[in-house]
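Colleague: Residues per chain, in single letters:
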Amino acid sequence: MLSDSLVELWRSTGIYGFLLPGGWGNFVMIAVGLLLLYLAINKEFEPLLLVPIGFGCILSNIPFAEIAAHTTLTGEMVDHAFHLHEVSGGFIGMFYDFGVSSGLFPLIIFMGVGAMTDFGPLLANPKTLLLGAAAQFGIFIALLGTVALEMIPGFSFVEGGMAQSILHVAGSIGIIGGADGPTAIYVTSRLAPNYLGAIAVAAYSYMALVPIIQPPIMKALTTEHERKIKMEQLRHVTKTEKIIFPVAVLFLCILLLPSATPLLGALMFGNLCKQSGVVDRLSNTMENALMNIVTIMLGLSVGSKMQAEKFLNVTTLGILALGLIAFAIGTTMGVLLAKLMNALSKKHPINPLIGSAGVSAVPMAARVSNKVGLEYDHENFLLMHAMGPNVAGVIGSAVAAGVLLALVPVFGA
Amino acid sequence: MLSDSLVELWRSTGIYGFLLPGGWGNFVMIAVGLLLLYLAINKEFEPLLLVPIGFGCILSNIPFAEIAAHTTLTGEMVDHAFHLHEVSGGFIGMFYDFGVSSGLFPLIIFMGVGAMTDFGPLLANPKTLLLGAAAQFGIFIALLGTVALEMIPGFSFVEGGMAQSILHVAGSIGIIGGADGPTAIYVTSRLAPNYLGAIAVAAYSYMALVPIIQPPIMKALTTEHERKIKMEQLRHVTKTEKIIFPVAVLFLCILLLPSATPLLGALMFGNLCKQSGVVDRLSNTMENALMNIVTIMLGLSVGSKMQAEKFLNVTTLGILALGLIAFAIGTTMGVLLAKLMNALSKKHPINPLIGSAGVSAVPMAARVSNKVGLEYDHENFLLMHAMGPNVAGVIGSAVAAGVLLALVPVFGA
Amino acid sequence: MLSDSLVELWRSTGIYGFLLPGGWGNFVMIAVGLLLLYLAINKEFEPLLLVPIGFGCILSNIPFAEIAAHTTLTGEMVDHAFHLHEVSGGFIGMFYDFGVSSGLFPLIIFMGVGAMTDFGPLLANPKTLLLGAAAQFGIFIALLGTVALEMIPGFSFVEGGMAQSILHVAGSIGIIGGADGPTAIYVTSRLAPNYLGAIAVAAYSYMALVPIIQPPIMKALTTEHERKIKMEQLRHVTKTEKIIFPVAVLFLCILLLPSATPLLGALMFGNLCKQSGVVDRLSNTMENALMNIVTIMLGLSVGSKMQAEKFLNVTTLGILALGLIAFAIGTTMGVLLAKLMNALSKKHPINPLIGSAGVSAVPMAARVSNKVGLEYDHENFLLMHAMGPNVAGVIGSAVAAGVLLALVPVFGA
Amino acid sequence: MGVGLTITVVGMLVVFSFLALLVVFSRLMSVIIVKFFPEAEEPEKPVRRTVGSADTDVAVAIAAVKAFTKS
Amino acid sequence: MGVGLTITVVGMLVVFSFLALLVVFSRLMSVIIVKFFPEAEEPEKPVRRTVGSADTDVAVAIAAVKAFTKS
Amino acid sequence: MGVGLTITVVGMLVVFSFLALLVVFSRLMSVIIVKFFPEAEEPEKPVRRTVGSADTDVAVAIAAVKAFTKS
Ligand code: NA
Ligand code: NA
Ligand code: NA
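Line order of the protein sequences matches chains P, A, U, S, B and C. The first sequence begins at 1 in my numbering and counts up by one. The second sequence begins at 1 in my numbering and counts up by one. The third sequence begins at 1 in my numbering and counts up by one. The fourth sequence begins at 1 in my numbering and counts up by one. The fifth sequence begins at 1 in my numbering and counts up by one. The sixth sequence begins at 1 in my numbering and counts up by one.
No wet-lab data here; the hints were simulated from the structure. Where hints are given, some of them may not hold.
Calculated lysine-lysine pairs in the DSS-like style (CA-CA distance at most 30 Å, straight line) [said to hold, decoys possible]:
{"#": "1", "chain 1": "A", "residue 1": "Lys127", "chain 2": "A", "residue 2": "Lys310"}
{"#": "2", "chain 1": "U", "residue 1": "Lys310", "chain 2": "C", "residue 2": "Lys35"}
{"#": "3", "chain 1": "U", "residue 1": "Lys310", "chain 2": "U", "residue 2": "Lys242"}
{"#": "4", "chain 1": "U", "residue 1": "Lys127", "chain 2": "U", "residue 2": "Lys43"}
{"#": "5", "chain 1": "U", "residue 1": "Lys347", "chain 2": "U", "residue 2": "Lys228"}
{"#": "6", "chain 1": "U", "residue 1": "Lys230", "chain 2": "C", "residue 2": "Lys35"}
{"#": "7", "chain 1": "P", "residue 1": "Lys127", "chain 2": "P", "residue 2": "Lys239"}
{"#": "8", "chain 1": "S", "residue 1": "Lys35", "chain 2": "U", "residue 2": "Lys43"}
{"#": "9", "chain 1": "P", "residue 1": "Lys230", "chain 2": "P", "residue 2": "Lys346"}
{"#": "10", "chain 1": "A", "residue 1": "Lys228", "chain 2": "S", "residue 2": "Lys35"}
{"#": "11", "chain 1": "P", "residue 1": "Lys43", "chain 2": "B", "residue 2": "Lys35"}
{"#": "12", "chain 1": "U", "residue 1": "Lys228", "chain 2": "U", "residue 2": "Lys310"}
{"#": "13", "chain 1": "P", "residue 1": "Lys127", "chain 2": "P", "residue 2": "Lys310"}
{"#": "14", "chain 1": "A", "residue 1": "Lys242", "chain 2": "U", "residue 2": "Lys347"}
{"#": "15", "chain 1": "U", "residue 1": "Lys228", "chain 2": "C", "residue 2": "Lys35"}
{"#": "16", "chain 1": "A", "residue 1": "Lys127", "chain 2": "S", "residue 2": "Lys35"}
{"#": "17", "chain 1": "A", "residue 1": "Lys347", "chain 2": "B", "residue 2": "Lys35"}
{"#": "18", "chain 1": "P", "residue 1": "Lys228", "chain 2": "P", "residue 2": "Lys310"}
{"#": "19", "chain 1": "A", "residue 1": "Lys239", "chain 2": "U", "residue 2": "Lys228"}
{"#": "20", "chain 1": "U", "residue 1": "Lys239", "chain 2": "C", "residue 2": "Lys35"}
{"#": "21", "chain 1": "B", "residue 1": "Lys35", "chain 2": "P", "residue 2": "Lys230"}
{"#": "22", "chain 1": "P", "residue 1": "Lys339", "chain 2": "C", "residue 2": "Lys35"}
{"#": "23", "chain 1": "P", "residue 1": "Lys43", "chain 2": "U", "residue 2": "Lys347"}
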């Protein structure tokens with residue numbers, strides 16, 4: 001009896017679990033989770049996301065604990081009514097089911113982002129919107145890269161039911177180049193949920209690495225003279241403009257691209273609440289309590305998708321490579337378009353260093369523009385100028401996401 | 001291929017959607033949503049509710065975006081267990097399903113309202129409770145009016161499966177006269193959910209319009225002498241009374257009207273938490289973070305019920321008219337009862353201007369009483385006196401709601 | 001018609017309901033709920049939990065109101081998709097279904113507890129961990145006691161489908177001795193949900209009574225000399241140690257006892273967020289807004305399990321008796337082990353009064369150690385020394401819970 | 001229409017009875033409490049506050065005040 | 001690969017058109033607003049604040065400041 | 001009863017082993033950290049704060065303090 005009990009207990013230990021076939025994978029993933037925690041805590045790489053993601057990865061790879069198990073509803077089906085008796089499942093699995101697979105969490109985060117965003121610098125210099133457009137090239141280049149990789153024999157993103165079509169994966173990988181976490185999670189959870197872990201980790205990692213990835217590209221593409229361009233001081237933007245702008249963006253989106261309206265709608269709802277000034281209770285809650293709660297649950301959920309069998313795979317390397325390419329190309333195109341705009345029009349010159357901020361990665365990319373600028377002229381503060389393309393990048397990647405959500409399900413059917 | 005793609009994209013634009021049969025209705029509703037935003041932001045009409053409702057209305061009427069789509073649970077049914085794989089639906093549709101159709105959100109708001117309410121002025125002068133009762137007449141007159149309107153040939157609230165019976169609609173429209181948002185939403189979501197959009201909008205609009213609707217009625221029914229009546233200073237109310245009162249109200253409600261206990265129970269739970277002083281952590285959260293989160297989601301959900309086919313209808317005009325009548329009659333009866341009480345008992349005179357505060361619409365109606373009073377005697381501050389009938393009106397309309405929820409399903413079966 | 005209506009209304013009153021067969025039970029339970037409110041508000045017995053539990057008990061025993069009714073999902077099942085039309089049920093019943101039966105709420109509370117806990121005193125003097133182990137004896141003695149009680153003819157915890165096996169009840173009753181609310185609720189909701197009301201009430205009541213239960217035992221087992229033992233000042237603990245400790249505990253748990261990882265994982269996630277210092281936004285939210293929201297809903301849910309037919313039963317007396325025994329034995333073993341440790345090693349003496357803090361009941365039990373210590377030497381502050389075994393007790397009872405969750409379902413099958 | 005009238009009559013009857021009973025009860029309760037459980041003349045307990053940062057903010061601010069004003 | 005290219009072309013087209021339209025619109029809006037609805041030279045309204053304890057905190061602190069500094 | 005005893009014995013065994021292992025581990029960890037990663041004598045980093053209004057409150061209050069006390 002006692003020995004039965006001990007045997008039973010032994011068979012429920014993690015050590016026993018790791019020694020089962022495939023158990024080593026869980027062990028490795030737990031180490032990866034630890035690595036994320038290390039980077040988040042010691043290196044301060046996007047800690048708000050990587051701490052929950054890393055911890056979620058560890059918890060979800062514990063043998064027998066089933067913390068990432070899907071929800072089960074137990075009850076009686078009578079006619080058209082399901083009388084619920086019990087809800088069960090792993091706690092992170094439930095967060096995932098109701099918050100991520102449903103698309104709720106990234107949208108709620110977007111409300112909070114909206115409530116924190118000031119479109120003032122963009123409105124003071126609207127042409128910087130185009131820099132936010134250029135930087136989205138990275139998304140589509142990575143999409144093409146994914147399709148190309150899939151042609152390599154023996155390497156496949158879709159085999160084994162991992163995705164509905166290569167386009168579904170390609171769109172999701174591409175969106176890493178959007179450099180916007182909630183957008184990446186929203187699109188991937190819709191198109192290729194099996195890749196959610198790898199893609200979210202890649203997106204947040206590269207966003208954390210923006211200060212390392214971007215400066216060499218920015219310097220390579222610009223002359224010292226260009227880097228020293230001083231931009232005109234931004235004009236004062238009235239409150240009315242700031243109130244009308246979010247509504248206007250939403251309207252353009254309604255008319256042209258309804259598939260992007262959940263993302264842009266949530267963003268602009270948060271922004272309107274902030275700018276209107278009449279519902280500060282609500283906008284404060286959106287950017288604080290509500291956003292923090294959702295960030296915790298979203299991070300853990302994303303971590304729970306870092307399952308050994310899906311993550312410990314050569315495709316993950318592919319995702320990391322393509323994501324890096326997407327970031328690099330986005331940065332490049334942003335800088336190049338700024339140079340082109342200067343070439344076309346001499347008045348109101350643009351410092352091309354702010355072009356790189358168009359990838360989004362708010363506010364990191366704008367800070368990088370500022371920092372590189374200061375290296376060459378320690379009185380040239382580019383931060384506010386770079387905030388324009390920076391927030392334009394958020395709109396740009398939401399638009400790109402809308403296109404992907406509209407076309408991929410049709411062509412990848 | 002490229003042209004296919006562009007055609008595909010064109011067919012997913014909002015412009016294309018608005019041009020489809022019935023699409024104009026969505027366009028009009030988006031304009032209505034904009035109007036609500038304008039009133040909320042520029043005119044400060046109940047912005048905490050009308051900003052989310054207006055934005056929810058816009059988002060829910062976007063063609064193809066399906067933001068208000070109901071939740072779908074995908075999975076496997078095995079014996080009595082439903083193994084969930086995925087949750088899908090529009091994000092506002094999910095808020096509606098889990099928060100409004102379930103009745104949760106209005107009840108949580110009521111907790112917060114309870115945590116913000118001080119029944120002190122009511123306890124100092126309990127007979128003002130009767131003013132809160134008189135003002136509920138509006139509810140039942142509007143109910144009768146709805147039943148009468150239904151008899152007009154060609155005009156119907158129930159046709160096309162819009163409601164279970166005319167009584168269900170009548171009760172829901174009547175409750176607009178309760179001048180209490182969460183009560184109106186709770187009752188309507190139970191009795192006639194198809195009318196939730198119109199009724200909630202009417203209720204909040206008239207609550208915002210209280211400073212315009214009430215003063216003429218108050219002045220017409222009172223003499224200048226009456227308006228100048230000075231009331232005795234309110235006595236100090238002890239903490240013990242404030243702690244026992246919410247429990248006592250709940251008990252009376254348990255004994256006499258269990259159907260009102262979800263509403264009054266939630267209200268008194270919040271109030272007891274506040275008054276007891278031992279769980280301030282909880283009562284602060286109820287009136288701040290929790291209430292704000294739920295207000296955002298509730299407002300968006302109510303907006304999502306402003307669907308073209310249900311709102312752009314002559315019945316909406318009927319609802320607006322009946323709601324206005326309900327408000328006017330509630331105001332009238334409150335003032336008249338105050339006059340009657342003065343006639344019956346000479347000591348402790350009541351200024352009839354506080355009678356109008358019995359409709360609830362906390363704290364707007366009490367402020368209106370105060371303001372009108374000051375017009376005639378700039379030293380006669382009625383605010384605290386009017387808070388008595390004002391909070392009594394909340395109890396009164398919850399009781400009326402209880403009666404409706406108990407009788408309508410029986411007689412309207 | 002009018003009389004029909006009045007009869008209908010009379011049949012829906014609480015008075016009528018209490019007079020129906022079995023209705024007196026609801027009435028008694030409402031009185032019990034009131035008693036809990038009285039203790040919470042007037043005597044300040046764990047008010048953060050007992051106010052919501054007491055109120056939940058009252059609301060859930062109101063005749064006809066069905067506030068604790070389970071959730072019902074109404075909709076259409078098409079292939080593998082359930083298209084939801086409506087969610088209904090009592091509002092507290094829904095909190096229970098989605099938050100307690102799912103295990104979510106106690107785990108979220110544990111995150112908050114983790115974010116509030118400082119393991120510093122434990123790290124400064126690790127051998128106090130053993131005191132936290134000794135105090136868990138109470139759990140297993142109460143488990144044995146439950147099995148023994150079941151043998152009394154005519155007395156049964158499992159009859160009438162109340163539990164799957166006596167072991168399921170025994171484990172749940174035993175866990176009262178863990179003196180940790182969320183752990184007790186988590187284990188009971190998994191093993192014997194029908195006893196959730198009685199067990200949670202017993203657990204929180206005894207935690208509130210710690211200042212009355214423990215001192216006599218502590219004094220009986222120690223000499224005056226022992227009570228005056230001065231402990232060495234605690235060394236400074238570095239931030240690095242505090243960051244690594246939660247991860248280390250989790251790892252030990254992963255290797256040895258995965259069934260305890262949901263509880264310890266949530267606890268250590270909260271603690272790591274706090275100690276890392278890089279995600280203060282998140283840890284603040286965990287210990288404030290999120291924890292408060294969940295505390296409200298959890299308390300109401302637990303109260304809803306105080307149903308007359310399940311609570312007004314001689315088994316409840318058994319639970320209360322066994323719970324008290326568990327507390328007393330836990331206290332005893334903690335003190336005795338401290339004495340034993342002193343006997344085995346003369347250097348670094350331990351004041352045995354801190355042994356009692358090993359039962360957890362954070363921070364009440366540590367305060368009791370401090371208070372009793374001061375009675376005998378008014379300069380001997382034991383509070384920080386007692387915090388070591390106190391938080392060790394939380395880990396200890398989570399480990400004990402893990403063992404129960406691993407073995408009971410196997411042996412009680 | 002008949003049913004509507006019935007509900008109206010019953011409804012207002014219940015609303016008035018309920019609130020009238022509440023008037024009676026509140027009066028009774030106040031009389032009893034003021035007579036038998038008078039409020040001790042205790043110096044109003046400082047309102048308890050939520051655990052959290054707001055408290056410390058004020059503390060910080062007041063500390064700052066003191067620091068600045070001492071000199 | 002063909003489909004991928006198509007999506008790329010269409011996608012960048014849409015992104016650019018969308019943001020270019022937004023440039024035009026923003027300019028237009030700003031011109032109209034600045035011309036027809038100029039911001040009144042009002043003394044910047046004090047930012048509204050969440051109802052809650054934070055307000056009173058500041059009030060308390062400022063009251064303290066005044067009290068301390070008056071003397 | 002037998003099963004109950006078994007669970008009791010196994011349970012206490014596991015609880016004690018687990019916490020005893022934790023004692024050993026904690027000691028080891030502390031020794032290593034204190035020896036190899038001693039805490040730099042850095043001036044304690046100011047505690048990070050939640051983004052939000054509370055910060056600005058204090059700022060406002062302190063600004064007020066300065067304003068009042070300068071004169
Ligand atoms: Na972007
Ligand atoms: Na009312
Ligand atoms: Na314990």
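Colleague: Next, verify each hint and record whether it holds.
Modeller: A quick look at each hint next to the structure:
1. A:Lys127 - A:Lys310: Roughly 42 Å between the alpha carbons, so the hint for lysine 127 of chain A and lysine 310 of chain A is violated.
2. U:Lys310 - C:Lys35: Answer violated: lysine 310 of chain U to lysine 35 of chain C is near 58 Å, above 30 Å.
3. U:Lys310 - U:Lys242: violated, 44 Å
4. U:Lys127 - U:Lys43: violated, 36 Å
5. U:Lys347 - U:Lys228: Answer holds: lysine 347 of chain U to lysine 228 of chain U is near 16 Å, not above 30 Å.
6. U:Lys230 - C:Lys35: Judged against 30 Å, a Cα distance of about 28 Å means the pair holds.
7. P:Lys127 - P:Lys239: Distance ~20 Å between lysine 127 of chain P and lysine 239 of chain P Cα, so the pair holds.
8. S:Lys35 - U:Lys43: holds, 22 Å
9. P:Lys230 - P:Lys346: Holds: lysine 230 of chain P and lysine 346 of chain P sit about 13 Å apart, inside 30 Å.
10. A:Lys228 - S:Lys35: Roughly 34 Å separates the two Cα atoms, so the pair is violated.
11. P:Lys43 - B:Lys35: violated, 50 Å
12. U:Lys228 - U:Lys310: The hint is violated at about 47 Å.
13. P:Lys127 - P:Lys310: violated, 42 Å
14. A:Lys242 - U:Lys347: With Cα atoms ~57 Å apart, lysine 242 of chain A and lysine 347 of chain U exceed 30 Å; violated.
15. U:Lys228 - C:Lys35: Answer violated: lysine 228 of chain U to lysine 35 of chain C is near 34 Å, above 30 Å.
16. A:Lys127 - S:Lys35: holds, 20 Å
17. A:Lys347 - B:Lys35: With Cα atoms ~62 Å apart, lysine 347 of chain A and lysine 35 of chain B exceed 30 Å; violated.
18. P:Lys228 - P:Lys310: With Cα atoms ~47 Å apart, lysine 228 of chain P and lysine 310 of chain P exceed 30 Å; violated.
19. A:Lys239 - U:Lys228: violated, 43 Å
20. U:Lys239 - C:Lys35: Distance ~14 Å between lysine 239 of chain U and lysine 35 of chain C Cα, so the pair holds.
21. B:Lys35 - P:Lys230: Given pair lysine 35 of chain B, lysine 230 of chain P holds - Cα atoms ~28 Å apart, limit 30 Å.
22. P:Lys339 - C:Lys35: With Cα atoms ~55 Å apart, lysine 339 of chain P and lysine 35 of chain C exceed 30 Å; violated.
23. P:Lys43 - U:Lys347: violated, 41 Å
In terms of the numbered hints stated before, the structure departs from hints 1, 2, 3, 4, 10, 11, 12, 13, 14, 15, 17, 18, 19, 22 and 23, listed from lowest to highest.
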